[in-house]
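Going down the list, the sequences are from chains A and B.
Under this note's numbering, read the first sequence as residues 134 to 186, first letter to last.
Under this note's numbering, read the second sequence as residues 4 to 253, first letter to last.
Among these hints, one or two may not hold up.
Stated by the list, open to error - Covered stretches of chain A, as calculated for chain B (at least 3 residues, CB under 8 Å):
#1 136-145
#2 158-170
#3 176-183
As the list claims (entries may be wrong) - From chain B, some residues computed to sit far from chain A (all C-beta separations above 12 Å):
#4 A79
#5 D126
#6 I228
#7 A241
No lab work stands behind these hints, which were simulated from the structure alone.
Computed from a predicted model, the values in this text were never measured in an experiment.
Even glycine gets a Cβ: it sits at the ideal position worked out from N, Cα and C.
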Amino acid sequence: MIAWLTEDPHAPYVLTAYGATAAVLGALILFSLRANARARREVAEAEREAGRQ
Amino acid sequence: MSIWRYANPAEFMRLTGWLVGPLWAVAGLVLVVGLVWSLSVPPDYQQGTTVKILFIHVPAALLAINTYALMALASAIGLIRRHPVSFLVAKAAAPIGAAFTLVALITGAVWGQPMWGTWWVWDARLTAVLIMFFFYLGYMALWAAIEEPEKAAELSGVLCLVGVIFAFLSRYAVNFWATLHQGASLTVQEGQRVDDTYRLPLYLMMLGCYLLFAALLLTRARTEIRLRRARALRQRSAALAEAAQEGATA
Chain A
134 MIAWLTEDPH
144 APYVLTAYGA
154 TAAVLGALIL
164 FSLRANARAR
174 REVAEAEREA
184 GRQ
Chain B
4 MSIWRYANPA
14 EFMRLTGWLV
24 GPLWAVAGLV
34 LVVGLVWSLS
44 VPPDYQQGTT
54 VKILFIHVPA
64 ALLAINTYAL
74 MALASAIGLI
84 RRHPVSFLVA
94 KAAAPIGAAF
104 TLVALITGAV
114 WGQPMWGTWW
124 VWDARLTAVL
134 IMFFFYLGYM
144 ALWAAIEEPE
154 KAAELSGVLC
164 LVGVIFAFLS
174 RYAVNFWATL
184 HQGASLTVQE
194 GQRVDDTYRL
204 PLYLMMLGCY
214 LLFAALLLTR
224 ARTEIRLRRA
234 RALRQRSAAL
244 AEAAQEGATA
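Could you build all of it, start to finish, from the sequences and the hints given here?
This is the structure in structure tokens:
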């Protein structure tokens with residue numbers, strides 16, 4: 134791996150492509166799961182409020 | 004039994020509830036195997052190790068175009084049949100499509116520099132994909148800018164349908180014009196197709212990305228439905244509280 138990084142002139146391009154993809158898709162997954170957890174809490178809260186009335 | 008019953012939010016939540024977890028697990032597994040395989044293929048005789056970039060570029064580009072097609076279909080169904088889930092599915096798909104389009108643009112540029120000698124050219128396919136990316140951003144901005152959900156759904160649905168031409172051009176521009184971007188590489192014709200050494204891990208990465216797309220889409224659509232339900236419950240609570248207050252003062 135280290136040899137590939139130092140010897141292959143294309144290694145920085147491959148690493149950049151995979152790194153950028155991991156960052157974009159990682160952020161998308163993280164935001165999607167967080168938004169889903171927040172929506173769950175909001176529904177539970179709204180249902181509690183509606184139940185009180 | 005009509006398929007339109009699945010457009011009912013409660014039915015959609017019930018049907019997709021058991022599917023989301025396994026989808027995430029299978030997508031993760033396929034992607035891990037696909038990534039290991041993609042990174043361990045031997046260098047191509049022309050492209051060298053930059054061929055490894057194509058294992059993410061090709062699935063991302065396919066998903067960028069197909070997600071827009073799905074959004075357009077869902078928007079058209081929403082506008083014609085007035086099914087709220089259709090609009091919500093289109094809304095849920097937009098950030099996923101935008102992310103895959105961004106990945107396709109970045110990986111394409113990073114592959115293009117060593118192979119074409121340039122990060123970017125204004126050829127028909129690349130330009131169409133860039134404009135499609137702006138349509139994704141515009142669609143999300145329109146949803147965010149309009150407070151009334153029904154109005155936001157209709158207007159962004161119309162915008163989505165206007166942008167279909169660029170999704171179509173992103174796919175077929177290489178057939179209409181002479182472009183620097185090559186045509187279809189995944190042909191089934193013997194003698195022209197990509198060697199199995201590269202084709203099989205590419206298919207696996209495509210499967211992994213489609214599974215990830217499905218898991219993300221279902222998760223995001225369920226989020227939108229939950230937020231819609233929370234909003235409806237709050238509006239009902241507010242209306243009841245207002246009625247009770249009026250009754251007390253009368």
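> Which of the listed hints are not met by the structure?
Replying inline: Hints 6, 7 not satisfied by this model.
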